[in-house]
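Trainee: Sequence:
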Amino acid sequence: MKIWVASQDIADALTELPEGLPALDCAVYDGRTPPPGPPEEVEIWVPPLVPVPDIPGLLGRMTSLRLLQTVTAGVEPYLPHVPPKAVLCNARGVHDAGTAEWAVGAMIAMLREFPGFAAAQARREWTYHHTGVLADSTVLIVGYGSIGEALERRLAGFEVDIVRVARTARDNVHGQDELPALLPAADVVVLLVPATTGTAGLVDAEFLARMKDGALLVNAARGSVVDAGALLAELRAGRLRAALDVTPVEPLPSDHPLWTAPGVFITPHIAGSTPASVRRTRRLVREQVIRHLTGRPLDNMITGHY
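Counting in the working numbering, the sequence shown runs from 1 upward without gaps.
One thing to keep in mind: the hints can contain errors.
As the list claims (entries may be wrong) - Simulated restraints on C-beta separations:
#1 G157 to D9: 47 to 57 Å
#2 T168 to E250: 27 to 37 Å
#3 R112 to Q176: 26 to 36 Å
#4 S254 to P18: 43 to 53 Å
#5 P257 to A118: 16 to 26 Å
Simulated from the structure, these hints should not be mistaken for laboratory data. These numbers come from a predicted model, not from an experiment. A virtual CB, placed ideally from N, CA and C, is assigned to each residue, including glycine.
Modelling step: build the complete structure from the supplied sequences, incorporating the hints.
Mentor: In structure tokens, the structure reads:
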């Protein structure tokens, strides 16, 4: 059975499978070199974190594909192009710890003004003043899935009020249609929604205008969720602040105005790029491959919305 995987460490995790399972012909394909063989022969594909070139064309040739297992929670590059006989599964849960940890760190960094103090340290300036604080804040989590749950667990000791929002309402979770009424009370708004047609441009000028003066926007979702022009206007006015792990274009061009906007902290899409994510990815892929080979139900199957 031919399988393409994103990295050598994932290939290594598949070298010793339980006895009695079919042998795997495992090749590494990270998109930076030509495909390692005919795509028509691949039965399982684990694509890399950064999408490979021409996904529609490649999937169109994968006539033997039965399992497409991403290493990300988002599946938007693949969802419209999955071959009819293939199952698409995402990596829900793999990046929860890293992304939730980044979000907490970003909140504290911005509210306690760490970037400003780091700049002052580089200038050897003692810039004593009071800062904001996370305690007693209202944190609005937009996109309350497994990462949102992980974030709430990590915020449990910070004496904050949590407001949860998902696409549809459920117990103790508001529906996305309730956002306009919830935004004015939030001190911190954390974006964890997937990139879909329904979330593209969700955070537009109207959304931002409803946020309270001095509020912090934390984006650990996708750059497409936020209208960059509308955000820039609020940052330049000094009314809002933002911590961004994702941007409208990645890598963000050196001349992009977000780099020099006041009140913004940018990291290069590293929230989920941690050793914990690597370990959990290996475990997930190994278990999914075993499930596929033994005919057991797969985890994280994508059907319709995700």
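Trainee: If you check each hint against the structure, which ones fail?
Mentor: Structure breaks hint 1 only.
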